[in-house]
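4 protein chains.
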Amino acid sequence: RFVEDAIRYGFPVGGGHGPINPVGRLIEEAERFKVLESMRRAVEILESMDISKYIPESQSNLVMAIDGADSLSDVAAIPGRIVRIYDGVKASEAPWFGASRHVANAVLTAMKFDPRVRSAMNLRYDERLIEAAKRLGWVVSFYDRREEPEEIKRLEGRTVPWGIEVAVKRAGGRVPDLVYHLGDWGKEPMILVFGRDSMDVVEKVRRLIAEASR
Amino acid sequence: RFVEDAIRYGFPVGGGHGPINPVGRLIEEAERFKVLESMRRAVEILESMDISKYIPESQSNLVMAIDGADSLSDVAAIPGRIVRIYDGVKASEAPWFGASRHVANAVLTAMKFDPRVRSAMNLRYDERLIEAAKRLGWVVSFYDRREEPEEIKRLEGRTVPWGIEVAVKRAGGRVPDLVYHLGDWGKEPMILVFGRDSMDVVEKVRRLIAEASR
Amino acid sequence: RFVEDAIRYGFPVGGGHGPINPVGRLIEEAERFKVLESMRRAVEILESMDISKYIPESQSNLVMAIDGADSLSDVAAIPGRIVRIYDGVKASEAPWFGASRHVANAVLTAMKFDPRVRSAMNLRYDERLIEAAKRLGWVVSFYDRREEPEEIKRLEGRTVPWGIEVAVKRAGGRVPDLVYHLGDWGKEPMILVFGRDSMDVVEKVRRLIAEASR
Amino acid sequence: RFVEDAIRYGFPVGGGHGPINPVGRLIEEAERFKVLESMRRAVEILESMDISKYIPESQSNLVMAIDGADSLSDVAAIPGRIVRIYDGVKASEAPWFGASRHVANAVLTAMKFDPRVRSAMNLRYDERLIEAAKRLGWVVSFYDRREEPEEIKRLEGRTVPWGIEVAVKRAGGRVPDLVYHLGDWGKEPMILVFGRDSMDVVEKVRRLIAEASR
Numbered sequence: 028r029f030v031e032d033a034i035r036y037g038f039p040v041g042g043g044h045g046p047i048n049p050v051g052r053l054i055e056e057a058e059r060f061k062v063l064e065s066m067r068r069a070v071e072i073l074e075s076m077d078i079s080k081y082i083p084e085s086q087s088n089l090v091m092a093i094d095g096a097d098s099l100s101d102v103a104a105i106p107g108r109i110v111r112i113y114d115g116v117k118a119s120e121a122p123w124f125g126a127s128r129h130v131a132n133a134v135l136t137a138m139k140f141d142p143r144v145r146s147a148m149n150l151r152y153d154e155r156l157i158e159a160a161k162r163l164g165w166v167v168s169f170y171d172r173r174e175e176p177e178e179i180k181r182l183e184g185r186t187v188p189w190g191i192e193v194a195v196k197r198a199g200g201r202v203p204d205l206v207y208h209l210g211d212w213g214k215e216p217m218i219l220v221f222g223r224d225s226m227d228v229v230e231k232v233r234r235l236i237a238e239a240s241r
Numbered sequence: 028r029f030v031e032d033a034i035r036y037g038f039p040v041g042g043g044h045g046p047i048n049p050v051g052r053l054i055e056e057a058e059r060f061k062v063l064e065s066m067r068r069a070v071e072i073l074e075s076m077d078i079s080k081y082i083p084e085s086q087s088n089l090v091m092a093i094d095g096a097d098s099l100s101d102v103a104a105i106p107g108r109i110v111r112i113y114d115g116v117k118a119s120e121a122p123w124f125g126a127s128r129h130v131a132n133a134v135l136t137a138m139k140f141d142p143r144v145r146s147a148m149n150l151r152y153d154e155r156l157i158e159a160a161k162r163l164g165w166v167v168s169f170y171d172r173r174e175e176p177e178e179i180k181r182l183e184g185r186t187v188p189w190g191i192e193v194a195v196k197r198a199g200g201r202v203p204d205l206v207y208h209l210g211d212w213g214k215e216p217m218i219l220v221f222g223r224d225s226m227d228v229v230e231k232v233r234r235l236i237a238e239a240s241r
Numbered sequence: 028r029f030v031e032d033a034i035r036y037g038f039p040v041g042g043g044h045g046p047i048n049p050v051g052r053l054i055e056e057a058e059r060f061k062v063l064e065s066m067r068r069a070v071e072i073l074e075s076m077d078i079s080k081y082i083p084e085s086q087s088n089l090v091m092a093i094d095g096a097d098s099l100s101d102v103a104a105i106p107g108r109i110v111r112i113y114d115g116v117k118a119s120e121a122p123w124f125g126a127s128r129h130v131a132n133a134v135l136t137a138m139k140f141d142p143r144v145r146s147a148m149n150l151r152y153d154e155r156l157i158e159a160a161k162r163l164g165w166v167v168s169f170y171d172r173r174e175e176p177e178e179i180k181r182l183e184g185r186t187v188p189w190g191i192e193v194a195v196k197r198a199g200g201r202v203p204d205l206v207y208h209l210g211d212w213g214k215e216p217m218i219l220v221f222g223r224d225s226m227d228v229v230e231k232v233r234r235l236i237a238e239a240s241r
Numbered sequence: 028r029f030v031e032d033a034i035r036y037g038f039p040v041g042g043g044h045g046p047i048n049p050v051g052r053l054i055e056e057a058e059r060f061k062v063l064e065s066m067r068r069a070v071e072i073l074e075s076m077d078i079s080k081y082i083p084e085s086q087s088n089l090v091m092a093i094d095g096a097d098s099l100s101d102v103a104a105i106p107g108r109i110v111r112i113y114d115g116v117k118a119s120e121a122p123w124f125g126a127s128r129h130v131a132n133a134v135l136t137a138m139k140f141d142p143r144v145r146s147a148m149n150l151r152y153d154e155r156l157i158e159a160a161k162r163l164g165w166v167v168s169f170y171d172r173r174e175e176p177e178e179i180k181r182l183e184g185r186t187v188p189w190g191i192e193v194a195v196k197r198a199g200g201r202v203p204d205l206v207y208h209l210g211d212w213g214k215e216p217m218i219l220v221f222g223r224d225s226m227d228v229v230e231k232v233r234r235l236i237a238e239a240s241r
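Residue numbers (my numbering), protein chains in the order written: chain A, 28 to 241; chain B, 28 to 241; chain C, 28 to 241; chain D, 28 to 241.
Worth flagging that the hints you see were computed from the coordinates, not collected in a lab. Heads up, none of these hints are tricks.
Subject to a maximum C-alpha distance of 20 Å in a straight line, what follows is the list of computed SDA-like cross-link-like pairs (lysine to any residue):
1) C:Lys61 to B:Gly51
2) C:Lys80 to D:His129
3) B:Lys196 to B:Arg143
4) D:Lys61 to D:Gly95
Make a model of the complete structure from these sequences and hints.
Take a look at the structure:
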């Protein structure tokens with residue numbers, strides 16, 4: 028495992044694997060702690076916000092990836108998601124890694140275009156949020172699930188990566204602040220807000236909702 | 028309030044309100060306790076079952092109405108729903124009244140056809156569950172959201188009551204053991220299992236999943 | 028069970044059991060619902076109060092008995108108690124019956140002297156709370172565990188009933204608003220606030236702490 | 028902060044601070060993640076164990092310090108403690124740092140004698156557990172709160188460190204597997220089980236209880 032990790036974290040120097048980097052594993056674990064710390068604070072703020080009407084039917088999740096993430100187990104999220112309870116919201120559990128697929132996949136894809144964008148949260152689709160984002164000068168993009176190629180549809184878990192890639196390209200290669208899709212047969216339309224870390228995303232969600240409520 | 032309740036619970040004797048029934052309010056409150064008690068036991072059993080893969084994207088709820096229920100506040104459910112957490116499920120909160128709309132509305136509609144059917148739970152749509160229900164000899168019915176009349180679609184919260192009514196009529200007026208719909212644009216397909224009380228529903232869900240896994 | 032309950036709830040008319048009372052069981056179940064409802068609201072208020080420094084080492088509980096309670100299963104409490112979490116407090120679970128021994132026994136004893144006093148909460152012993160209670164004009168009493176007779180000490184769960192009885196008698200037969208004891212070897216000193224229902228107790232705790240903080 | 032940390036984590040080379048060590052902060056954060064990971068697994072196992080009757084009145088906590096810990100904020104614990112709920116136990120929250128004083132202080136003191144002993148859990152005092160520990164060949168020691176010097180008693184939070192130091196010295200300088208004290212006026216008697224990490228402690232608790240139940 029040590030050798031394997033050292034190779035995985037090797038410095039990229041030209042072709043092949045870089046030289047052995049014994050600090051790689053340490054960096055990753057330190058990253059994981061920092062991500063959990065950011066998530067904890069972000070969730071505490073979220074739970075105090077008045078956002079229950081923006082939680083989708085399929086509930087919401089807030090995720091944040093470690094630097095250099097390349098799999099779902101590198102992305103922290105809320106196991107059981109963030110749920111509406113009467114007029115409030117509550118994180119079902121404390122954040123941990125590997126607890127999200129959809130939103131985590133969206134972030135892993137965004138990171139391929141901009142490795143600094145490591146966090147996202149999904150919200151109920153609401154046209155007023157889209158308009159608010161535009162008024163705020165955000166980069167807004169979308170994808171249309173009906174345009175998903177058949178060969179991708181057949182693969183489990185490939186729709187979101189495909190969609191985010193489409194949305195990024197539509198935005199000229201930049202990762203948008205907000206990506207939406209209008210749903211499909213059996214699929215709820217959805218909004219995703221992207222940011223650098225979970226605190227950044229929560230702050231953006233707050234501004235977005237405030238703008239939409241003006 | 029006393030007089031109002033007494034009238035509401037008056038015995039139905041011919042036209043107009045029946046004679047004053049001072050026990051009505053007592054009966055209702057006793058009912059509420061019994062419903063909570065049944066829900067608590069049912070949730071405890073559910074949490075020990077291996078059903079996470081049958082929890083829909085929009086999560087699940089288990090609901091049970093008091094005898095004679097006529098509004099959402101007469102139906103107990105899980106605030107925050109029953110959520111998937113890794114490979115298990117967890118009730119977000121203890122059961123209480125007024126915590127569900129969709130599944131609770133389904134039960135309120137079913138009760139108009141058979142007042143003894145006071146509980147239901149929704150599951151992820153899966154053809155194997157439908158087939159299992161048929162093998163078990165259950166009454167299975169469905170509705171198609173595309174057939175919903177325009178004037179009903181425009182009304183908030185009327186789709187589920189309309190759909191359940193269609194499904195009951197399709198089953199010859201009996202409340203089915205299982206009702207499904209195949210979704211719509213933006214709407215997840217869904218299965219509903221009906222029963223007399225929450226313990227009955229949980230037991231039926233257990234048998235259904237066991238049969239589907241054979 | 029019906030006959031048994033009917034006898035248990037029979038009206039007390041002279042010697043022996045009163046006449047059969049078929050409404051008895053209904054009354055009890057209705058009572059249970061009303062107690063849970065009161066507890067839920069009281070807990071919600073408690074969780075918003077700044078009382079973490081008044082939570083004892085052995086944590087706190089808030090309990091409320093049904094009218095006519097005569098056993099621990101007639102007393103609702105917080106399973107897992109009300110715990111300190113950093114600077115706040117949290118009910119471990121939703122209220123249910125049979126979840127407290129010490130505080131519930133205190134209430135069952137108080138009810139023998141005044142059946143209207145059906146709720147209590149325990150707080151960390153703090154002289155300032157005692158003084159505040161006196162300034163508020165409350166009936167304050169106490170017991171000294173060292174004076175507990177040997178034959179009672181040997182019995183499991185008899186200390187609290189003995190102590191409350193001592194405290195009530197010391198107060199001239201009235202159930203005090205506040206009872207304290209100064210502890211014993213291995214036993215944390217404690218304050219108990221009594222009231223008619225859980226909302227009354229929480230309101231009294233709020234006033235007590237406000238007065239102590241002046 | 029960087030310079031400060033680098034100094035704090037400087038390699039110990041003779042007198043004064045060692046050379047600047049830029050990896051120090053990284054090591055600490057990586058440690059924090061590993062501690063949380065160990066705690067999560069340990070708590071999951073604890074919650075499945077039948078230990079409710081060994082949970083003290085003041086509830087239990089399981090703590091684990093990072094390597095080189097020197098303050099309470101370096102020790103992970105369960106905020107709200109591990110509470111008894113009917114016949115089971117439940118962690119009130121997910122583990123995090125700075126959530127324990129008593130048990131965390133015990134570990135910080137033990138680490139001064141043996142830096143490898145970084146975890147502990149407290150249990151209800153029960154003579155059968157002491158005897159079981161002896162049968163298992165454990166190092167068992169104790170302290171007597173009545174022997175605590177007056178000048179230490181006056182200081183907030185110094186009792187546990189004093190007691191653990193006494194117990195370690197009584198055991199000839201080794202950190203015992205189990206330390207107990209018999210309580211004091213107002214203080215519950217208690218057992219502490221020490222181990223290298225939280226999984227080690229939980230495994231020891233399991234063996235101890237199994238031996239005591241034989």
